[in-house]
Each structure stands twice: as structure tokens, then as C-alpha cells.
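What follows is each chain in one-letter form.
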Amino acid sequence: MDDRVILRVGTKILTPFILIFALYVQFHGDYGPGGGFQAGVIFAAAFVLYALVYGLGNAIKVLPPRVAYACGALGVIIFVGVGYGSMALGGEFLNYSVLAHDPLHGQHYGIIGVELGVLVTVFGVMVSLFYAFAGRRRIES
Amino acid sequence: MSEGVLMAEIVDIVLLILLAITGIMIIRLRNLFAAVMLTGIYSLVSAGLFVVMDAVDVAFTEAAVGAGISTVLLLGTLALVGHQEAEPTHRPILPLFVVIITGGILVYGTSQMPPFGGPDNPAQLHVAPHYLEESEHEVGHIPNVVTSVLASYRGYDTMGETAVVFAAMVGVLLLLSRGPLPKRVFHEGQWITVRPGETREELEAEIKAGGPVGIEATPPPDDPVPPDRTAGEGDTHG
Amino acid sequence: MTALGLFNYWAVIVLMMVGFYTLIARSNLVKKLIGLNIFQTSVILMYVSFGKVTGGTAPILVEAAHAEEVGETAEAVGGVGAEVVEAVEVAGEAILYSNPLPHVLMLTAIVVGVATLALGLSLVVRIKEAYGTIEEHELLDGPS
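Residue numbers (my numbering), protein chains in the order written: chain A, 64 to 204; chain B, 287 to 524; chain C, 6 to 149.
For the record, the hints were derived by calculation from the structure and aren't laboratory data. Everything numeric in this text was worked out from a predicted model, so none of it was measured. Beta carbons are placed, not taken as given, at the ideal position from N, Cα and C, and that holds for glycine. Please note that a few of the clues may not be correct.
[What the hints assert, rightly or not] Among the chain A residues that face chain C by a calculated CB cut under 8 Å, a handful are: (1) Val185; (2) Val188; (3) Leu192; (4) Ala195; (5) Arg199.
[As the list claims (entries may be wrong)] Which chain A residues stay away from chain B? Per the calculated CB distances, all over 10 Å, these: (6) Leu70; (7) Val72; (8) Thr78; (9) Pro79; (10) Leu82; (11) Tyr117; (12) Val130; (13) Ala136.
For reference, chain A alone in the conformation it holds in the complex (with noise of 0.2 Å):
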């Protein structure tokens, strides 16, 4: 552990700008490239890291997988919550018109709602999908 003084300290300096730089990539998402896919695998990304350099232990008790697996499927409930959000206000679902007084306000919410709903639910099933691999026992014979 001690020889790789030059990958810990770079992995700790740069983890906090790879979790800012994912939300920049979500909420920059409607001006230029980016969006929800991209910010959470990025997010995940800042989490394998961290696992690659400290070790999947260390990695376990900043993020449980547990909180990984719920992640994933709070993505979709919060997709779908918006969708029947929408249903609740008197539109059609998944048209986020309703949301709000004006009907491009409206559209402006739910696009943030279901992106933040694509962010959770592929940031939780790529860290799921890291955890799964790399805590496998290494296969004897």
C-alpha cells in the first residue's frame, strides 16, 4: 500500500471534482451535452475510483451496496412519480404540462424530475454492477 502514494493522493484529490463535475453534466444538461445518463455514470465513476485506489472495503462503508441496490430502484420510482404526478394534476402521464401554471415551466420541472430520476437509477445500478464483480471470491481450480 505504501508505493502507491502518487494514485492515493491523486485519487483523493481528484474525487471531489469528478462527484462536482457529474452534477455540472446533470444540471448543465439542458444547455449543452449531458444529461442524466451521463452525470450518473460519471458519479459512479468518482465511486469505482475510489474503491479501485482504497479498496472495495473502504468503498463499502462510504457507500453501502445496499444504498446502491435502493438507488437503483429509487430512480425509477421517482421516474415514475413523476409520470403519475402528472396523471394526479389532471394531464395524460409522463406530460409534464400540468406541473406547474405555465405549461413551459411545467415541461421544465418534470424534464429536471425525470432526469434526476435517470441520475439515481444509473448511478446505483453502475456501482451495484462494480460492487457485484468485484466482491465475487476469485474462483479456485
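Take the given structure of chain A and dock chains B and C to it, following the hints.
Then chains B and C, alone, in the frame of chain A:
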């Protein structure tokens, strides 16, 4: 303007040739570790190609997913299954023949395709102009049309994709969160399931010592195995 | 018609056949999945090629934000806002955008592709654990 278009086309051709070379090298390499690293390079080059073809969102995703996450997953698998591919048992004449014939038919099919990049191609004429011109009035001030199509016009599509990603996670967790399956040993043309509590080496030694002893007629109760994968129906016992 | 003609489609077909060959000729299951990945990328490339318009730009609208900004600056400087906004908007109308629809479809396909790749890899891991090999010919005819 036309100079820029020409430059873009040259870059496009160079990147496509690079992609083809990388793909062929991936086939030829027998070291799976090297092949996986080349897969990452392949993804990165194709991301560059997507930028040249104006698909910046696709390029972003490909760079993050293809060069990042999927390389890590492939490396994680290689750590579990080993990284050397076996030598081929026979020359791949038939697959080569099939591939060349299929490719030839597909190339013949492209003779009917509209030219690359034409603004009047059928793909450009139906909903795309509507998205580009009306999204500002229908979805609001979201300059990135890809986002407004993804989240608003085709919200059902994206919801389905999100659900598929979630379902794939459930599948992987179901497969990988359980303990190891009962091992199998190959004997007389069949895979024989090792009994619980016994190692593969013990069963191999038993078979070597005296034929089909200790072969399970039924799979272990806690782990159903398809019947055609278990040995010992009738002939070995009767 | 550009100099590129149908070259893009042919390159896509070459890549597709590279992936297809890996799928049917190689017996290692991980190599097969890599071949499937190459195949998938070639299909994505094909869709993105459909969406490309020569001389076009990425489908991120520039006129609205740009016109507002230019108009505000111009108004602050000295009262020619309306004409400038008008001029910039006319220029914005003339901008050629590539087709956003294939981008949307392929964006989601990439993420779904990595999820299904992970599913395939987990099947490979289980096969290795049970049979001790991931070579197709050994799985069919026994370890050599």
C-alpha cells in the same frame, strides 16, 4: 465552409480506419487483458467519431460508459475467470465464409441508401424538423434538443430504458450474490454434478479409481439443475 | 452528395462483420461478449451516421440564448436591440442542425448495452465456477 466540411470528412475517414484496425487487432489478440484494454481504446476512438458526426451527447456517454465502466466490469470479470484464451481447435473457414457472404449482402444493400449527410434524406424529413423548430415553443427554453426529446417527447422510451437498466442490475445481483454453484466434472460425454460437500478433485479421483461411482442421479435439492446436465439416468446405474 | 458517399456505411459494415466474426468463430465466452460490444458500437455508429447532415452542427439551439444575450448587450449599449435580435434570429434560422432523434435513441442504447454486458459477464462468471472453463468447445466436448 466547404473547407471545414472537407476537414471533417478527412477526420471521419481516418477515425473509421483506426476503428477498423482496432477491431481487427481485438480479434487477433489471444491475451484477453490486452483485448479489453483495446476495447477501451475502441470506445474512445468511436466517441471521437461521434463528435465529428455532431452527436456530442452520444460521444459523452460512450466515453464515460464504454471507456470507463464497461472496461472496469470486463477487467473485474477477467480477474475472476482468467485472461488467456485457448488456442483454436480448427481453422475458422466456415465462419469466415459466412461473415464475407453476410458483409457482401449488406454492402449490396447500401447501394439503395441515400448518400451520407444529405439534408433531404428520409431520416431528416419526418419528426426531426418538428423537434428542432417547435421544441422551443412546446418544451420551453431548453437549447439542447437531445435533452428535450429524451425527457419530454420520448419520456416513455426513457422510462422503459431506465427500467431495463434496473432489471439488468437485479439479474446480475441474483446471479452473483449467491454462493458458488455445485461443480461439474466431465465424464464419458456428460457433465456430472459434484455432490454437496465433495470437491471436484475427489470426484475426479473416484472416477479414475473405478468408473461411475458416486454419481448423483438427482440434482441436489437446494440447487435445481436441468436434467439433461446431470448424468446417470438409467444406463450408468442399471 | 459529398465525397464521403457511402464510405461511412461500408466502414460500419466492416466493423459489424468484425464483431459478428468474433461472435461465431471464437470459443472464449468473454471474447464473444467483446465481439457483441463491437457489433453494438457499429449499430450505434450506423444510427448516428443516419442523423448526420453535412455542414450541420450539434443539435443544441443557439439562436434563443444567443439572440437574447446579444439583444440585451445591444440595448444596454444603445437602443438598437430589436434589429440586432432580429438579425441574429434570422442567422439562427439558417443554421443547419443534425438530427437529434438518433442521438436520443443511441444514448439510451449505450447505457442499456453496458447493463446487458454486465448480465452476460455475470453468466460467464457462473459458468466458470460450475464448469471450470469458459471455452465453448470444452463446454460441449469436455476439457481437452
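Evaluation of the provided hints:
For Val185 (chain A), the interface hint holds, since its Cβ comes within 8 Å of a Cβ in chain C; the closest pair sits about 6 Å apart. For Val188 (chain A), the suggested interface contact is upheld, since its CB lies about 6 Å from the closest CB of chain C, less than 8 Å. Using the Cβ-Cβ criterion of 8 Å, the hint placing Leu192 (chain A) at the interface with chain C is satisfied: the shortest such distance is roughly 5 Å. Below 8 Å, beta-carbon pairs count as interface contacts, and Ala195 (chain A) has one with chain C at about 7 Å; its hint therefore holds.
The beta carbon of Arg199 (chain A) comes within 6 Å of a beta carbon in chain C, closer than 8 Å, and the hint placing it at the interface holds. Against chain B, the non-interface label of Leu70 (chain A) holds: every CB pair exceeds 10 Å, the least being about 15 Å. Consistency note on Val72 (chain A): stated as away from chain B, and its beta-carbon is indeed over 10 Å from all of that chain's, at 21 Å minimum. Distance to chain B confirms Thr78 (chain A) as a non-interface residue, since its nearest Cβ pair spans about 15 Å, more than 10 Å.
Distance check for Pro79 (chain A) against chain B: the nearest CB is about 18 Å away, which clears 10 Å, and the non-interface claim stands. Non-interface call for Leu82 (chain A) relative to chain B: holds, since the shortest CB-CB distance, roughly 14 Å, exceeds 10 Å. Every CB of chain B lies more than 10 Å from the CB of Tyr117 (chain A), the least distance being 15 Å, so the non-interface label holds. Under the 10 Å C-beta cut-off, the non-interface status given to Val130 (chain A) relative to chain B holds; the minimum distance is some 14 Å.
Consistency note on Ala136 (chain A): stated as away from chain B, yet its beta-carbon is not over 10 Å from all of that chain's, at 7 Å minimum.
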